[in-house]
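Novice: Throw the hints in and build the complete structure from the sequences for me.
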Amino acid sequence: MIWQIELLVLAIVLICAVAAITVKDLLGAAILFGAYSFMLCLLWAIMGAVDVAFTEASVGAGVSTVLFVAAVFRTSRRTKD
Amino acid sequence: MSDLVPILISKVNYWVYIALMMIGLWAVIAKNNLVKKIIGMNILQTAVILFFISIGAKYNATIPIIMHGHDAGHHAVNAIDYINPLPHVLMLTAIVVAVATLGVALALVIKVHQKYQTLEEDEILAKMDEQ
Numbered sequence: 001m002i003w004q005i006e007l008l009v010l011a012i013v014l015i016c017a018v019a020a021i022t023v024k025d026l027l028g029a030a031i032l033f034g035a036y037s038f039m040l041c042l043l044w045a046i047m048g049a050v051d052v053a054f055t056e057a058s059v060g061a062g063v064s065t066v067l068f069v070a071a072v073f074r075t076s077r078r079t080k081d
Numbered sequence: 001m002s003d004l005v006p007i008l009i010s011k012v013n014y015w016v017y018i019a020l021m022m023i024g025l026w027a028v029i030a031k032n033n034l035v036k037k038i039i040g041m042n043i044l045q046t047a048v049i050l051f052f053i054s055i056g057a058k059y060n061a062t063i064p065i066i067m068h069g070h071d072a073g074h075h076a077v078n079a080i081d082y083i084n085p086l087p088h089v090l091m092l093t094a095i096v097v098a099v100a101t102l103g104v105a106l107a108l109v110i111k112v113h114q115k116y117q118t119l120e121e122d123e124i125l126a127k128m129d130e131q
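One line per chain: the protein sequences are A and B, in this order.
Numbering follows the working numbering, with no gaps: position 13 of the first sequence is 13.
Numbering follows the working numbering, with no gaps: position 89 of the second sequence is 89.
Read the hints as simulated data drawn from the structure, not as lab findings.
Take the hints with a grain of salt, since some may be wrong.
Beyond 10 Å from chain A on every Cβ pair, some chain B residues (computed) [as the list claims (entries may be wrong)]:
#1 S2
#2 I43
#3 I110
#4 I124
#5 E130
Just some of the chain B residues that point at chain A, by a computed CB distance under 8 Å [unchecked claim]:
#6 V12
#7 V35
#8 M41
#9 L44
#10 T46
#11 V96
#12 V99
#13 L102
#14 V104
Heads up, the beta-carbon is just placed ideally off N, CA and C, and yes, glycines get one too.
Specialist: Structure representation (structure tokens):
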């Protein structure tokens, strides 16, 4: 566990989390949530949880982003907050 | 003051876990858009996963695959050399449950949008009052 990389990735995770719930476009929020999930996957790999990293990359980042984009295209991209 | 900095650095995973959990909880409670609420729910779930993985992690240890596997009987296996794999196994289940709840929630959002033509909570409540 290299603490410099860990601090950097934790900072990016926090930024992506705040950005995903503040951006004024639902498609942008879905893509930022995918970036958040990939950063978490990197964090699990740094902390030695390689099986969790694999699952997060395939299920958390892959399937979740596809579901979000599909739902946004079936509804609307407009959001007030 | 000089004692505080090593504590903050060594426990930084837990501070980020608390921050992520509060961000997710705030999004679930205070956001007006239903998709934003679902994103907040997912951030809350991943914060819990971060907490559990941080419990199992340790410095100067390797991933939990036993070394000298073909003649393990000649070597003593020290648990201090390996990251604790029990939280990893529990959190694998949590990730799959998270994507299942996400699918159900997005299906419900699509049905709500078919009925009310909006995703904003206040507009949905106003249309429910009209009917």
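Novice: If any of the earlier hints don't hold here, list their numbers in rising order.
Specialist: 2, 3, 8, 9 and 14
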